[in-house]
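Visitor: Residues per chain are reported as follows:
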Amino acid sequence: MAAQENHRKLPSGAMSRRDFLGRSGSAVAGGMVIALVLPEGSSAGTLGADYDWNRHRWVYLIDTSKCIGCGSCVRACRAENSVPEKMYRTWVERYEIPMEGEAYVDSPDGSEHGFDPVANGLSVGKGFFVPKLCNHCRATPCIQVCPVGASFATRDGVVLTACVEICPVGARRVGDRENPDDPVIGILATRRVEVLQPELLTRPQCFYLGLDMEVR
Amino acid sequence: MFPELTGYLFPNDVHIHWSLMIVMYPYITGLVAGAFLVSSLYHVFGREEFKPLGRFALATALCFLAVAGLPLLNHLGHPERALNIVVTPNFTSAMAGFGILYASYFIILLLEVWFVFRIDIIDTAARSRGLKRRIFALLALGVYDTSEEAQRIDHKIIRVLAAIGIPMACLLHGYVGFLFGALKANPWWSTPLMPVIFLFSAMVSGIALLIVLYQIAMKIKGMEIDREAISAMARWLWLFMIMSLTLELLEIMMLAYERAEEWEVISHLLTHQLSFSFISLQMVGGGLIPLILLGIVVLMGSYMDDRIRNTLTMVSSLLLLLQVLAMRWNVVIGGQMFSKSMMGFREKYVPGLFEKEGILAAAAILFIPFVLLVIFEKLLPTFRHIRTQEH
Numbered sequence: 001m002a003a004q005e006n007h008r009k010l011p012s013g014a015m016s017r018r019d020f021l022g023r024s025g026s027a028v029a030g031g032m033v034i035a036l037v038l039p040e041g042s043s044a045g046t047l048g049a050d051y052d053w054n055r056h057r058w059v060y061l062i063d064t065s066k067c068i069g070c071g072s073c074v075r076a077c078r079a080e081n082s083v084p085e086k087m088y089r090t091w092v093e094r095y096e097i098p099m100e101g102e103a104y105v106d107s108p109d110g111s112e113h114g115f116d117p118v119a120n121g122l123s124v125g126k127g128f129f130v131p132k133l134c135n136h137c138r139a140t141p142c143i144q145v146c147p148v149g150a151s152f153a154t155r156d157g158v159v160l161t162a163c164v165e166i167c168p169v170g171a172r173r174v175g176d177r178e179n180p181d182d183p184v185i186g187i188l189a190t191r192r193v194e195v196l197q198p199e200l201l202t203r204p205q206c207f208y209l210g211l212d213m214e215v216r
Numbered sequence: 001m002f003p004e005l006t007g008y009l010f011p012n013d014v015h016i017h018w019s020l021m022i023v024m025y026p027y028i029t030g031l032v033a034g035a036f037l038v039s040s041l042y043h044v045f046g047r048e049e050f051k052p053l054g055r056f057a058l059a060t061a062l063c064f065l066a067v068a069g070l071p072l073l074n075h076l077g078h079p080e081r082a083l084n085i086v087v088t089p090n091f092t093s094a095m096a097g098f099g100i101l102y103a104s105y106f107i108i109l110l111l112e113v114w115f116v117f118r119i120d121i122i123d124t125a126a127r128s129r130g131l132k133r134r135i136f137a138l139l140a141l142g143v144y145d146t147s148e149e150a151q152r153i154d155h156k157i158i159r160v161l162a163a164i165g166i167p168m169a170c171l172l173h174g175y176v177g178f179l180f181g182a183l184k185a186n187p188w189w190s191t192p193l194m195p196v197i198f199l200f201s202a203m204v205s206g207i208a209l210l211i212v213l214y215q216i217a218m219k220i221k222g223m224e225i226d227r228e229a230i231s232a233m234a235r236w237l238w239l240f241m242i243m244s245l246t247l248e249l250l251e252i253m254m255l256a257y258e259r260a261e262e263w264e265v266i267s268h269l270l271t272h273q274l275s276f277s278f279i280s281l282q283m284v285g286g287g288l289i290p291l292i293l294l295g296i297v298v299l300m301g302s303y304m305d306d307r308i309r310n311t312l313t314m315v316s317s318l319l320l321l322l323q324v325l326a327m328r329w330n331v332v333i334g335g336q337m338f339s340k341s342m343m344g345f346r347e348k349y350v351p352g353l354f355e356k357e358g359i360l361a362a363a364a365i366l367f368i369p370f371v372l373l374v375i376f377e378k379l380l381p382t383f384r385h386i387r388t389q390e391h
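Chains as they are written, first to last, in our numbering: chain A, 1 to 216; chain B, 1 to 391.
Next up, chain B with everything else stripped away, as it sits in the complex:
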């Protein structure tokens, strides 16, 4: 009665079609959502400890959002057909919703970035000459009002945009979890927990990314790493990772306890094909260890030397960035590893180094936002307001 693992695959179930690119895509939108949340914690909820990071987090979100569509376009055999989403729309398709969500969220984020950096744009335009002056005059969109009144309106608008942006960022990333979770034919994907798991792990990856980038940026600029900011981020990171891990484990425990038909396949998957990426990376190396390290930082932070705190959070963040990537891999690739016959596993998927959807392509796509961030930083310093405050 229990389908035995006889190695039988349905004839169309031989290859894995959703590649490394489809692993990268939710990873990147997760980074965006998490970075945006940190920015909104300051702009909407007025958490002062995030003030040093508010602008940087916004810039990070924008730079990663810019490349979020690239893995998908790279993966599609006919990327030009993506336009059919608006030509022959299907309103019940979660995947089609991406186009609308992405476009509207991009607009919101661009607007918010403009309003936050408006004064700097005007200042830079005023101080520059020639081509640079023209570029910044263009960016200023013909508005040169820097009065108190204007700044007050700016802050109001920023709050509204950030507030609208929160549910949109959640939707932009959450719908991917919904897409997988609502797929009733695949038992590894089908669970109402999926969108929640994706969202929480997105927060984890975004905050972890900011911790890493913030510390690196401060080192490069020779500025001090703000103690309150790091402590606060460590707290939020710990909270989100606990919830994320709990839900991920809960899903597995449910499957194991219910001993539904698919458990035979999934337990084999977890202990064999995904043993490294799931047990070693997602649960132990990326789960248990950061849980302990961050726990130490949060619970004993007040007695801690700044450098130790920074190092522990840095190590935890790097491990967690890896953990979230492993989780995306385990969901996307893991869910395709077994045939729907529930009796066998597909061929092993090892992305090639130089393939179109291979490791180098993924690394390149992931590298671009950092380049964009450096360019952004050159144009509009995201930490200058701190320096001017210190003076």
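One chain only, chain A, in its complex shape:
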């Protein structure tokens, strides 16, 4: 029975099993070679033909002592990036910390319309604003888990900057690690800076001057 099946005649024009596997293998191998040889997506895009994303590493710096809680950054980000309603790509938090007792923290509509005075009856020891946004991590947890590749990072760690440009007091700044004369990098090198949630070890590139232990 086995001998008969081995020597079964194929209908004319049909491919034998060996042929099929051989041709499929060649097709796959050929495809892989082509894929490897093709250059990776160019970094030029719409940034200008001579922008090389290997020559920049962007970082973000926030100086909370300058922030006045005006909310311009939130409005600018929404307008520039078409952020859907009720979602916030950046927001500002207000902290009123009394001499004793619980801290008061709020962010009404992400401070899109600034802050109104609030009657919380606290005798405030220290009060300040903390702008927050994507921390542009280098060990991104969000990219790690996205099943469809919707979340991705660029090689230069690109930072969107509508908020930087609109900020009236310069609380938000961008720096380039590849630029030795960059003033922001100078600040990172000489002053005490912090990041949010350092214990999660995601290597955020969004640095803060003037955080407080109450800030999460």
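A portion of the hints provided could be inaccurate.
Keeping only pairs whose Cα atoms sit at most 27 Å apart, straight-line, the calculated DSSO-like set for lysine-lysine is [to be verified]:
no.	chain 1	residue 1	chain 2	residue 2
1	A	K86	B	K340
2	B	K184	B	K348
3	B	K356	A	K86
The hints are simulated quantities; they were obtained by calculation from the structure and are not laboratory data.
Got chain A sorted already, so can you dock chain B onto it with the hints?
Guide: Structure of chain B alone, referenced to chain A:
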């Protein structure tokens, strides 16, 4: 220093996004894993006491696996984009792994079902006429060999498939626990215990489901409920539920003892928002009570009347099915109830009755496998081999 519960939520932390559907999904894959394990206890490990159930457990696993993807597709705002998982794959994504795991496990299970029921398919094809004959001839895939030699090969293949199927079933359900457990930003989810807890509670739900369905099926068919099978399942159920409860409690005790930052939020969560689903359902009604009832069955089973044993295991199983569902709710919904600010809780989540991802949708998805099982049973009797043995 300890973040006080001031009610502050991050602005994007207002709504709960992973709905009841995401509670149903691990529940269903858990049922699959547990049912498959019982089937494999017979097919791989040769536990004879599960022989009456081996085929039924396999059919149950298949019917529930068929709907396992439905809650996810229903939940997604853009279900067609799920195909992007293979178009732009991300090999570090646990969630993406689901597609591959699900597809490959489905294949293994289909193959095993075919091999186990092959003889019945051929018999039915031979005895039928017309359309039914054609359907069964199709299912037979052109193989009509029922000889001793062929059956011996069948059993070998079944053993291999069942053996491969065990780690795959564990992965299919365990990766969900891994997904939650590896999420370092959420302290209610982040623990290495999570995949283990999910797996053990999956075993609990699967065995409990089989006990319930088996007893109902035997009642409907007027057949005797096998004493050894029920006793054995009660033993395994008790073991798995003890381990599952222990790990769940251990996680909480660790958090409480370490008094980490998140304990302020989690203890409030457990005693307020989740007080009914966690304390009443998961720990007491679904935990302590079945622990006692099953303990009685296991420790005093040999002195027990069959009917009492059946009733006690039935009640325990129903409670445990509820307990595992509550546990999934507490993990999935509970983990989303507090803001990452650690200072406040999100709006209460009450799934609507008629919502797209609401209670009726969940009930419908859960109901479909039972319909499939009835159809399966009509086509390929899963208990007939017992009856023929009795004759």
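Visitor: If a hint holds in the structure, say so; if it doesn't, say that too.
Guide: Hints, one by one, checked against the model:
1. A:K86 - B:K340: holds, 17 Å
2. B:K184 - B:K348: Holds, because 24 Å separates the two Cα atoms, which is no more than 27 Å.
3. B:K356 - A:K86: At roughly 21 Å apart (the allowed maximum being 27 Å), K86 (chain A) and K356 (chain B) satisfy the hint.
In summary, the structure agrees with every hint in the numbered list given earlier.
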